[in-house]
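Fit chain B to the supplied structure of chain A, relying on the hints for placement.
Number of protein chains: 2
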Amino acid sequence: MNGADSLCETLLANGIDTCFANPGTSEMHFVAALDRQPRMRCILGLFEGVVTGAADGYARMADRPAVTLLHTGPGLANGLANLHNARRARTPVVNVVGDHATYHLRHDAPLTSDIEGLAWPMSHWVGRAESAAEVGPRTAEAIRAALSGAGGIATLILPADAAWTEGAFPVPPVVAPPPRPAPDAALVRQAAELLANGRATTILISGGALRAPQTELLDRIAQKTGARLMAQQANGRMQRGAGRIALDRVPYVIDQALASFAATEQVILIGAKAPVGFFAYPGKPGSMLPPACTVLELASPDHDLAATVEALAGETGLAPAARLAPRQRPDLPQGRLTPDAIALALAALMPEGAIICDESVTSGRDFFRSTYGAAPHDFLQLTGGAIGDGIPMATGAAVACPDRKVIGLQADGSGMYTVQGLWTQARERLDVLTIVFANRRYQILHGELLNVGAGPAGANARSMLDLDNPAIDWVQMAQAMGVGAARAETAESFCDLLRDALSRKGPFLIEAVI
Amino acid sequence: MNGADSLCETLLANGIDTCFANPGTSEMHFVAALDRQPRMRCILGLFEGVVTGAADGYARMADRPAVTLLHTGPGLANGLANLHNARRARTPVVNVVGDHATYHLRHDAPLTSDIEGLAWPMSHWVGRAESAAEVGPRTAEAIRAALSGAGGIATLILPADAAWTEGAFPVPPVVAPPPRPAPDAALVRQAAELLANGRATTILISGGALRAPQTELLDRIAQKTGARLMAQQANGRMQRGAGRIALDRVPYVIDQALASFAATEQVILIGAKAPVGFFAYPGKPGSMLPPACTVLELASPDHDLAATVEALAGETGLAPAARLAPRQRPDLPQGRLTPDAIALALAALMPEGAIICDESVTSGRDFFRSTYGAAPHDFLQLTGGAIGDGIPMATGAAVACPDRKVIGLQADGSGMYTVQGLWTQARERLDVLTIVFANRRYQILHGELLNVGAGPAGANARSMLDLDNPAIDWVQMAQAMGVGAARAETAESFCDLLRDALSRKGPFLIEAVI
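Chains A and B supply the protein sequences, listed in that same order. Anchor point for the first sequence: position 168 equals 168 in our numbering, and the numbering is continuous, going up by one each time. Anchor point for the second sequence: position 398 equals 398 in our numbering, and the numbering is continuous, going up by one each time.
Next comes chain A alone, as it looks inside the complex (with noise of 0.2 Å):
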């Protein structure tokens, strides 16, 4: 067995059976193994940013990682951002990136670069298989790193001879995840105490704590000990919609996320972080809590936060329920196309079980407020800010749930970001509907230049700011690349292209000119 079958057998025995890849020279042992191992899915992206913001939506809802292969230091490096956005999301990856034989190394060949130093800022564990021997063992490394805790990134490095080599472990390492720390006693008994002593509380919650069982818990703590009960700004994964609880989020605009807060005294931390300003603006504060305010973390993203959110109940005790959101089913809208026009079409129709991966940065800002009461659905964020993600996560979200609908909120600016991602679409027929907001500008950026300051835009800045000279066409962009897609002007052909593409299968986009 050479390292390169190793490896496939290691992640294969460890349940990681979906690579998405698009791979070089370095890694075509690799890409030999995987031919000769049929039960590992290959899906190829035409760009790094496709293959690592396909893993990040993948694992996001499979709740097991899968693997990328990344061709070295350039091919990694385009898959950064989205890695980026995996690290933030704290979504386990675990990533095989190729090098050159170890011997070739002293050469400085041209696609020679520092992976390691590459890797290290988007990942939680970086390695090097130095010889087809340590692929096996290394590889089981790398597969516990991305499940410790909340999950991680871990990068893998495969020299070329490491993969070519015979000589690897035959028995591929099975990998027992470190188990999550349960809450610290103490402080669930701190936190109880917040609860009960009078003050304004919040209770801020991500990652594993918005699952629904959860939030149900919580939302009985919430009612019993009269706290508030939120979530972090951007997340991983929520569930939510008719028949789960109405959470609201931190506000992103600064103004509204510290009037948000400007009541609150106390704030307990379940996984989630305490709320800051997504950048700083002259004159503002960086935190969104009140100076005063107590901040107690009583569970990191890498707790147990079920186990935290249960011993917090044992504490507090529960209202008799849940406030579940009753299913609302607004009107149909009419006339101009809007994104709240968007939002209440997507509430009165999405089907249940959709898994909406949220790209839209300022257009999507609707969405939510519209459905708390839609069915019920899961909801993905970008959640590092690195703009991009969202085409690629719903190509992920789409391989590990065949049976469910993803719909993509999409950003035109950001969609261009990594567009390839609806061939891959296309190639593998996954069921994406990708709605882009086509308001042809970075709208986010005319509002950012004057909340900092710097006052409206002239020519120079709306030559970086407006995307409308050309005008993209998404109808051909998606054509190009094999997606059916057609254009909406009106609320009418919106919701009429919405109840069609949501009653077949397979990728289609529709164009929101809003």
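Everything labelled a hint here was simulated from the structure, so no lab data went into it. Just so you know, these numbers come straight off a predicted model, no measurement behind them. Ideal placement from N, C-alpha and C gives every residue a C-beta, glycine not left out. Just so you know, nobody snuck in bad clues.
Ranges between beta-carbon positions, derived for each pair: (1) B/TYR252 x A/PRO456: 46 to 54 Å; (2) B/GLN256 x A/GLY455: 56 to 64 Å; (3) A/GLN334 x B/GLY15: 52 to 60 Å; (4) B/GLN256 x A/GLY458: 48 to 56 Å; (5) A/PRO470 x B/ASP403: 19 to 27 Å.
Derived pair list, reagent style EDC-like, types lysine to aspartate or glutamate, alpha-carbon separation capped at 20 Å: (6) A/LYS224 x A/GLU315; (7) B/LYS284 x A/ASP108; (8) B/LYS284 x A/GLU166.
Quick look at chain B alone, frame taken from chain A:
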């Protein structure tokens, strides 16, 4: 004057007046400064790989750097692959990477990352302006680093508060680039002795030695001494065609490269590296030179290569005249559309002064050997093997040379990496003709799978190497971004489209189905 204005003025005072950009919130004050300064031309790329690749192409043709504007760590990460290519080409580039305000970093907001860590693997110089007062001097350092030696990648990190704070150095510092070292006289004599000792000698050149005046002198040296003159495998820029020296390059394919040097006893390097395999292949050597071959590095890329060539000529003497390639105009091809037919059509029809940006990978190998006698042109290559430089490089070259026709020879697989660059060509009405070699596969990898001894592709391997399901419609792709396009399926239709495209200015794309 705030830090952002200081940055802008320092760039302009040093002749850097072109900014390829994709900014975000942390760069809004620099955007505002650019808005106040119409002398700076700002060009938007819809992905940072377009931005850095355009800066590479620009500087290769302008012989001075452009500045890039990138948004925090992920924005830089997206641009790293083409910075890798620029680093290998020794293209001067000044990157400005925005970061959070200094006092905001401790909050670890979602976009926070280790920007220095990301920058170093692909940069010759990395610096950070910690305050507005530091911006001018640090910008000058960055420019000096970019102008040092053959050229370097300088990455300046600009925290938002350093940009927006008043009190910057009001007089923009002007940089005197460090002089490039003259050739070592002892090495020049040693090289002349090697050239006189009767052994089989190759003079291997790259960088500035590939400009027309230098190749003419070198050809006269080669004639005089019986040496072979040859160019490195991949080069940032070669001046070639009729009236210039017909230079061969080291072959990419390892067996051809080994054969090419089998009889070589001595190699003299002028701005080139000793030839090595692009990759390692089992059982084949890493160096392309016979083990007993003598290697003399007469001048590194950082030396003054024009002075080096003159000094060598002073020692060896010169043949009376250089062997300039005669103008050759092949008959137009007919019948099946092949890479060779495309090469012949270009050899016959391309105009004087064309700039060829070659990312055609396997398909373009015919071009080089068919165009020794074509109209004189510049030939720009993928220097670092990180695919996705072609469309951006052509974009930047066209910005640098608005009066010359830029022709991109573009493989389809690589073209998809940074396809967004077509939009910038449309927006800026750049005179770029892109020829897509649509073989609908990563053809090179089918060859490499065999080369490394991994055997022919099975189902999983084909799923990662073939692009035919679905085939990409490059005509729709280009039109979606405002670039006119047409498809050629025969040599005749290709010639017609080529003649027509060359007769007009502005961006156009031909999908050549081969």
